[in-house]
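Chains as they are written, first to last, in the numbering used here: chain A, 1 to 197; chain B, 1 to 379; chain C, 1 to 220.
Hints in this document: simulated from the structure, not taken from any laboratory. Check the hints yourself; a few may be wrong.
Derived EDC-like pairs (lysine to aspartate or glutamate); straight-line CA-CA distance at most 20 Å [to be verified]:
id : chain 1 : residue 1 : chain 2 : residue 2
1  : C       : LYS44     : B       : GLU237
2  : A       : LYS107    : B       : GLU36
3  : C       : LYS44     : B       : GLU89
4  : C       : LYS193    : B       : ASP52
5  : A       : LYS107    : B       : GLU34
6  : A       : LYS107    : C       : ASP180
7  : C       : LYS190    : B       : GLU49
8  : C       : LYS165    : C       : GLU183
9  : C       : LYS190    : C       : ASP137
10 : C       : LYS45     : B       : ASP86
11 : C       : LYS45     : C       : GLU14
12 : C       : LYS44     : B       : ASP86
13 : B       : LYS24     : B       : ASP362
14 : C       : LYS44     : B       : GLU84
15 : C       : LYS170    : B       : GLU209
16 : B       : LYS333    : C       : GLU84
17 : C       : LYS63     : C       : GLU167
18 : C       : LYS170    : B       : GLU34
The calculated label-pair distances, taken between Cβ atoms and stated as ranges, are [to be verified]:
id : chain 1 : residue 1 : chain 2 : residue 2 : range
19 : C       : ARG89     : B       : ASP292    : 38 to 48 Å
20 : A       : SER38     : C       : GLY184    : 54 to 64 Å
21 : C       : PRO54     : A       : GLY195    : 54 to 64 Å
22 : C       : PRO54     : B       : LYS173    : 56 to 66 Å
23 : A       : PHE45     : B       : ASN285    : 57 to 67 Å
24 : B       : ARG331    : C       : GLU88     : 18 to 28 Å
25 : B       : GLY291    : C       : PHE67     : 50 to 60 Å
All of these numbers come straight from a predicted model, not from anything done at the bench. Backbone N, C-alpha and C fix where the C-beta goes; we use that ideal spot for every residue, glycine too.
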Amino acid sequence: MADTGENFAAFNSRALVEMVGGVTDEALKVTKIKQFLSVLAGRFFNWAGRKSLFTLHLGIKCCAIEMAAAATPRFDGDRFGVLFRSSPRQSDVLLVNGPVSKKFADKIVRLWEQMPEPKYCIAMGECAISGGPYFQSYNILEGVDTVIPVDVYIPGCPPRPEALIDGFGLLREKIIRIGGAPSSERESEKPLIVGDE
Amino acid sequence: MAQMWITMGPQHPMTHGLWTLRVKVDGETVVDTEAELGYIHRGVEKICESRDFTQVTPYCDRLCYVSAMTWANSYIYAAEDLLEADVPERAEYIRLISAELQRLASHLMWLGAFGPDIGNLTLMTWCMRDREMFLDLLQELGGSRMHYNYPRIGGVKRDIPVGFADRMIAKVKLFERRIEEYEMMLDESTIWLVRLQGVGYANAEEMVEAGVSGPNVRAAGVNYDVRWAHPYSVYDEVDWEPAVEKPTSVKGADCYDRYRVRMEEMRQSCRMVLDAIEKIPGGKNTNYANGDEMIYQKAPTRAPEGATGFSNYECTRGASQFYVKGGGDGRGKNPYRLSIRSPMFITIPFVAKTMIGYKVADIPAIMGSFDPCIGETDR
Amino acid sequence: MSNLGTTVTLSQNEAAANDCLAAINSRFSGSGVVASVERHSNAKKYAFVRITTPPQHWQALAKWLRFDLGVNYCSMVTGTHFPEGPQERGWEVAYHFLRQPITDQLPNTHTVYVAEKLDGRLIPMEFEVLIPLENNDTPTVPTVQHIWGGADWNEKETWDLVGIKFEGHKNMFRVLNPHDSPEGFHPLQKQHKIRYHDHNEMYDDAQGFGRKPADEGRIK
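Using the sequences provided together with the hints, build the complete structure.
Encoded structure:
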């Protein structure tokens, strides 16, 4: 049993797991339990995901102060499950709250790529949507959606913390609709803009 | 022991803004540092060359976004120097009140971000709660919580609303008691004292030589404040004192001194605001219409080539200066060159050198105690 | 606070400015260095000292200002490009300094000034030094990085944005623009225009939403 490259002659558990897993999988498929379980699990994961949107602790410019204000006692984003995480590997939402400069462009793309699926991006404030007051600048990209696919746009300069919380609400509705579709398959979605109705 | 460079990269919960601090560590001790700025360089100086003088004010709000009113005022003084505009006295009083309320809000934001760096998460919630009081007052004046576009060349946009004086006095008096609550919580906390005292010494002469100013230098015992040295507005008619701390060591000011100087500045700002609202010409309960001569005097809109304007202003983080040259756009409607001096641009490389010799765990304390704001650094 | 006597008064300020002017003229007159006392038109209309110097005398003037006149704080360095200016003023570097009253700081003390009692070299004063350069492609100014620490990063920024070289400046690198900006790209020079600089239509439907602004078609 040692021909998988491991040089211990003990019981090779990996082959056992593969064998048992393969048998169980076939059994579940035949009895349609797998389909039922995956629908149930999908709904459950969707509920859990949208009720606990972990946002990356990224503060670019002024809108970051309003993002901080939205986490504080008066507006309290935490009651909606919005918690700030320091590492992109542990977060679901990339909240871009300022203009993206040429120096920061590939770093923000790297942060986006480090986040595991399903992940969402919210563009908060005018600078992230279209460059904002600096749209004519030689160093600022015209909107973060030139490099990252954005799900929700929150206009304002800066948007009030209530608008940010509303943006998270729109994102939750979107998650109910699209579930855990990876970000590369969401490009045909109509963009959601806070205050659009 | 091997040495290695660690990048505390642009996305970092502690750095209070988007910049990179590379530290070279030997075990736990910091041996060398390098600061890299420019991640939000917006080219404001270039953009403002295509804007009218009035259109530049919103850009100056967004320079240091935590203390927007002081930066807008700083630019307005430079534009008034260039365009030779006069300002009525009531407008100067209102500018003083708005700048000091903004200073309170900014120091509360600093404390609210500094506390969690040291580990005191309660401070974040308390300070932001109190900051909301001042943001409501500034919203009554300027219309928005953060970027007000409030001062105008020759005065202010609108007068203080009816009832503003009573609300402000009530809130400021409440806040004066809240400062005591903060000090009770922090000065009796062993963790706070141990983490801040003896950490991050910065010598007064070196700081002045390096171009650092503001509360960071006043923490080292140097009594220099632009508000009395190069006076502007009505600071010489209002009851206040500069907040200066006695440093306890010959090595200079440590983080605890810098924390204490900002608490004292908050007290002085409260005192200034309460005094100014009583002395305001025209009374504190009258409200003049927009454009009334009590609060606004129409200023020329063009400046010829060769005219320059310069303002020296005490922003929350140091002395900020604007240098404007007239004659842009052919007819003089735009500034030909707008140059912005940000106190933090000089302080951050200095702070990076201050950290050498301390432990990695002291980096947030030292960095936070100097109160960085990257918006003004990167213009 | 005016009754407590703790703000620098107009008369102190004028006296200090005139003292500095006299000192500069007695040391540098006749060498191309021109000094004058100007007045602000804002705030309290205080006076400051403006010095214009050709680049070759700049380091000598800087050393004298720092060590003999006590100007200890360099605040900003501004570079301006005048492509249509006269031949002798195609570029201009403006240094701004402050003289701050800093005396030896002993531990456990803080200086308490009664501002009205300050005199002589202790009165705070603003200085502006203008260095006009020739209208060519290689503007150069000698550096004062070793004289004031505050000039260090300010000179880096001026080179980065405007392109004025500082001769003798150690460790020059781009501080605000990205490190991989093209060689010779200095955005604040006048031949570089901002994006959409001649557009009247600000909205270009960049996001492709297919929506028109409410005031489309109106002549602005």
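Would the pair C:LYS193 and B:ASP52 pass a check requiring their Cα atoms to be no farther apart than 20 Å? This hinted pair holds, its Cα atoms lying about 17 Å apart.
Hey, C:LYS63 versus C:GLU167, does the alpha-carbon distance stay inside 20 Å? Within the cut-off at roughly 16 Å; holds.
Does B:GLU49 sit within 20 Å of C:LYS190, going by the straight-line distance between their CA atoms? holds, 10 Å
Taking 20 Å as the top limit, are the C-alpha atoms of A:LYS107 and B:GLU36 close enough? Given pair A:LYS107, B:GLU36 holds - Cα atoms ~14 Å apart, limit 20 Å.
Restraint status (C-alpha distance of C:LYS165 to C:GLU183 at most 20 Å): holds, 13 Å
Does the Cβ distance between A:PHE45 and B:ASN285 fall inside 57 to 67 Å? holds, 59 Å
Please test the hint of 56 to 66 Å on the beta carbon pair from C:PRO54 and B:LYS173. holds, 59 Å
Given the hint that C:LYS170 pairs with B:GLU209, test it: the Cα-Cα distance must not exceed 20 Å. holds, 18 Å
Take the C-beta atom of C:ARG89 and the C-beta atom of B:ASP292, compute their distance, and say whether it sits inside 38 to 48 Å. Between C:ARG89 and B:ASP292, where Cβ atoms are some 43 Å apart, the hint holds.
Status of the given 50 to 60 Å range, CB of C:PHE67 versus CB of B:GLY291: Distance hint for B:GLY291, C:PHE67 holds at roughly 52 Å.
Is the straight-line distance between the alpha-carbon of B:LYS24 and that of B:ASP362 20 Å or less? Within the cut-off at roughly 14 Å; holds.
When you check the alpha-carbon spacing of C:LYS44 and B:GLU89, does it fall within 20 Å? With a Cα-Cα distance of about 12 Å, the restraint between C:LYS44 and B:GLU89 holds, given a limit of 20 Å.
In summary, the structure agrees with every hint in the numbered list given earlier.
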